[in-house]
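Peer 1: The lines below spell out each chain.
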Amino acid sequence: MSILTTSLAEVASSDATLRAFLHGLPGVDRVGADQRAAVLGTRSIKTTAKAQAIDLAISMVDLTTLEGADTPGKVRAMCAKAVHPDPSDPSAPRVAAVCVYPDLVAEAAAAVAGTGVKVASVATAFPSGRTSLEVKVADTALAVAAGADEIDMVIDRGAFLSGRYLKVYEEIAAVKAAAGEAHLKVILETGELATYDNVRRASWLAMLAGADFIKTSTGKVSPAATLPVTLIMLEAVRDFRARTGRMVGVKPAGGIRTAKDAIKYLVLVNETAGEDWLDPAWFRLGASSLLNDLLMQRQKLATGRYAGPDYFTLD
Amino acid sequence: MRLEYAPAPESRDVVEIKPSYGLFINGEFVEGGGTPFKTVNPADEQALAEVACADEADVDRAVQAARKAFGVWSALPGAERAKYLFRIARIIQERARELAVLETLDNGKPIRESRDVDLPLVAAHFFYYAGWADKLEYAGFGPAPRPLGVAGQVIPWNFPLLMLAWKIAPALACGNTVVLKPAETTPLTALAFADICVQAGLPAGVVNIVTGAGETGAAVVNHADVNKVAFTGSTEVGRLIARSLAGTGKKLTLELGGKAANIVFEDAPLDQAVEGIVNGIFFNQGHVCCAGSRLLVQESIRDELLDALKRRLGTLRLGDPLDKNTDIGAINSAAQLAKIRELADAGEREGAERWSPACAIPERGYWFPPTVFTGVAQSHRIAREEIFGPVLSVLTFRTPAEAVEKANNTPYGLSAGVWTEKGSRILWLADRLRAGVVWANTFNRFDPASPFGGYKESGYGREGGRHGLEAYLDV
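As given, the protein sequences belong to chains F and C, one line each in that order. full-length UniProt numbering puts the first residue of the first sequence at 1, with every later residue one more than the last. full-length UniProt numbering puts the first residue of the second sequence at 1, with every later residue one more than the last.
These aren't lab readings, by the way, just hints derived from the structure by calculation. Backbone N, C-alpha and C define an ideal beta-carbon position, used for all residues, glycine too. Be aware that one or more of the hints could be misleading.
[Unchecked claim] Label-pair restraints from in silico Cβ distances:
#1 C:116 / F:304: 36 to 42 Å
#2 F:51 / C:120: 48 to 54 Å
#3 F:194 / C:300: 40 to 46 Å
[Said to hold, decoys possible] Per the computed footprint, the stretches of chain C lying under chain F, defined by three or more beta-carbons under 8 Å from a beta-carbon of chain F, are:
#4 1–9
#5 260–270
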């Protein structure tokens, strides 16, 4: 990895140069990647390490509601939970961010103002991304104007799969410009990219175009986040920093429901990208039901007993 | 943020180790005529148990018991023998946790490996050969292939229970009876297996386990009434056995040493290649006859690959083998540790550059850090001799032809690995590599259906798969 940063700038000068670069990345062997993720999944995180991991995981949650039925009331309730996840235990850390649709950003921003919880908004015709660049940029600008700290955009998977890498690149760059100060998370929708080689290429493409974070999934497509896909993305951010010096965050989203799952992701981060990424600024978990299991396991560690599900709030 | 993994030890209480063990002859545990010896836990040098030592008279009794049982066992319909083997396989699965802990205590290998690799493969071997027991006439060795008789089997300490399974499962499936000698430093799981034979109601004398050192092993292989000898271990001992068996009419299979090349081309899937290199040489502390101990890397990606490899080795966790997060356990014995040190020192003296990640070595027990030698030449001892430890020698090549030439330039020929995204190149190499197993884009993967064995000084005969039946049939 000795090519200078300056040469990376030229990579995006045409579809041909982008293709040459992305297809020149080392391939990913599916069997080997699955096996590595599975072995890391057997790490046994107990006692003090578990307590530390659970608090870290809570602080990394992007608490999410992305339903057609979302209302201001629903968003306010979720924001209250984001700030004080466990009403019975004020020592429980707050989550990293709440994640909503653009039209509810103002509601969320008001609800978490001054708490340190960020407001993330999906944008760019989430979840399919099937609209014009003008609409995507407008969608982004609307969310930012309403107070979003972070924008979760989707890439054009159709363009990616048909090899129009420059189009994907330019869209990400345009949305990045529209996002301004807001952090840009680029959703690859790995469930639709299908191959691990594509996941690696899409990760690099997003990072080259200016992504602050790369994110696995919208949560609307199955499979959503998986350990092997996250492993490949963590390898990509690790290699990208080695090559450019710039650090990019990773966010698996969708399908992460238990504390045990969440801890597996932290182990993956720890042993792949390294401890620099074990920070809410560089690693997030996009989830909704996960938070309650984290809280339940947290309480179990502290008290030795499991409380029933009714002791944790359903917001 | 730093995430420190707290200790996560597997419980020792799942296994009850007796203070002393006898020999297993004719379905009973009996005293041995030799001087009993102690088996120690290599991770803390504490004695685990005292084990009987079989002398020639004991071995003779065991062979007689096996001979007597052969009549009954070989006369059973294959489906009946299969029932016993299936039963043994199921009991192994049921007692897997206990056996894994016992293996780790006696051998020093990490519990993650004994639990996730050794034990599942042990059960799989018995299931696999149980399936063959009533189908031997379809195995391609004639319409009614006959067993050989009594098999004398001597196994090593690196995969104690797995090597037992490789030997006993096909022997019994074909209708033979066995006298097996486990390694001196790792007898405990073989003795636990004797208990499983009792539990399974296996007829007395079908399996006999005699413990002891080299002399006991010599008594087993040289016994006049043994029809078949199977040995896994060092090339040196294999040579002795081949010599003493010449002209006796005994059928012999040998699975000996190796110095496998793991060949990484510039178009390899790099991250997986790094995992494959780690798994190739640091799995089981490198105590693997088919270990990828010579890394042949294409010169154009040498630095990139070595950087990635060193970064990865920095995450390996060396320590208590019973801790579920341990990657590198203890070296099996003081003697083996001395041998590894001697060869590693020789590597340094010969001018290769030695590197190990920073890792704390426990005060007690036998330990050796994962070690990489760069700048190794074909003429260095560490590129020629089997080290049987966590020591990797890195060499480079420029062209596929040079890779093949270097890979084959060894007296051994047990295994090889090829890493490239180009399928045609894999096939081209597989045709030219003189090794019994060629792994493509993986390493150290085993399956009972896949034959295993060597070229040249790595031995002869195949174990596993349909081919593995041949060694135990009169063909």
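Peer 1: If you check the beta carbons of residue 116 of chain C and residue 304 of chain F, does the distance land in 36 to 42 Å?
Peer 2: Violated - the Cβ-Cβ distance for residue 116 of chain C and residue 304 of chain F, about 30 Å, lies outside 36 to 42 Å.
Peer 1: Under 8 Å between beta-carbons, do enough residues of the stretch 260–270 of chain C, three at least, approach chain F for the coverage claim to hold?
Peer 2: holds (count 4)
Peer 1: Quick check on a hinted range of 48 to 54 Å for residue 51 of chain F and residue 120 of chain C, using CB atoms only.
Peer 2: Once the Cβ atoms are compared, 32 Å apart, the range 48 to 54 Å for residue 120 of chain C and residue 51 of chain F is violated.
Peer 1: Are three or more residues of the stretch 1–9 of chain C within 8 Å, CB to CB, of chain F?
Peer 2: With 8 residues close enough to chain F, the hint holds.
Peer 1: Per the hint of 40 to 46 Å, is the separation of the Cβ atoms of residue 194 of chain F and residue 300 of chain C within bounds?
Peer 2: Roughly 30 Å apart at Cβ, these two residues miss the hinted range, so it is violated.
The structure does not agree with the numbered hints 1, 2, 3 stated previously, though it agrees with the rest.
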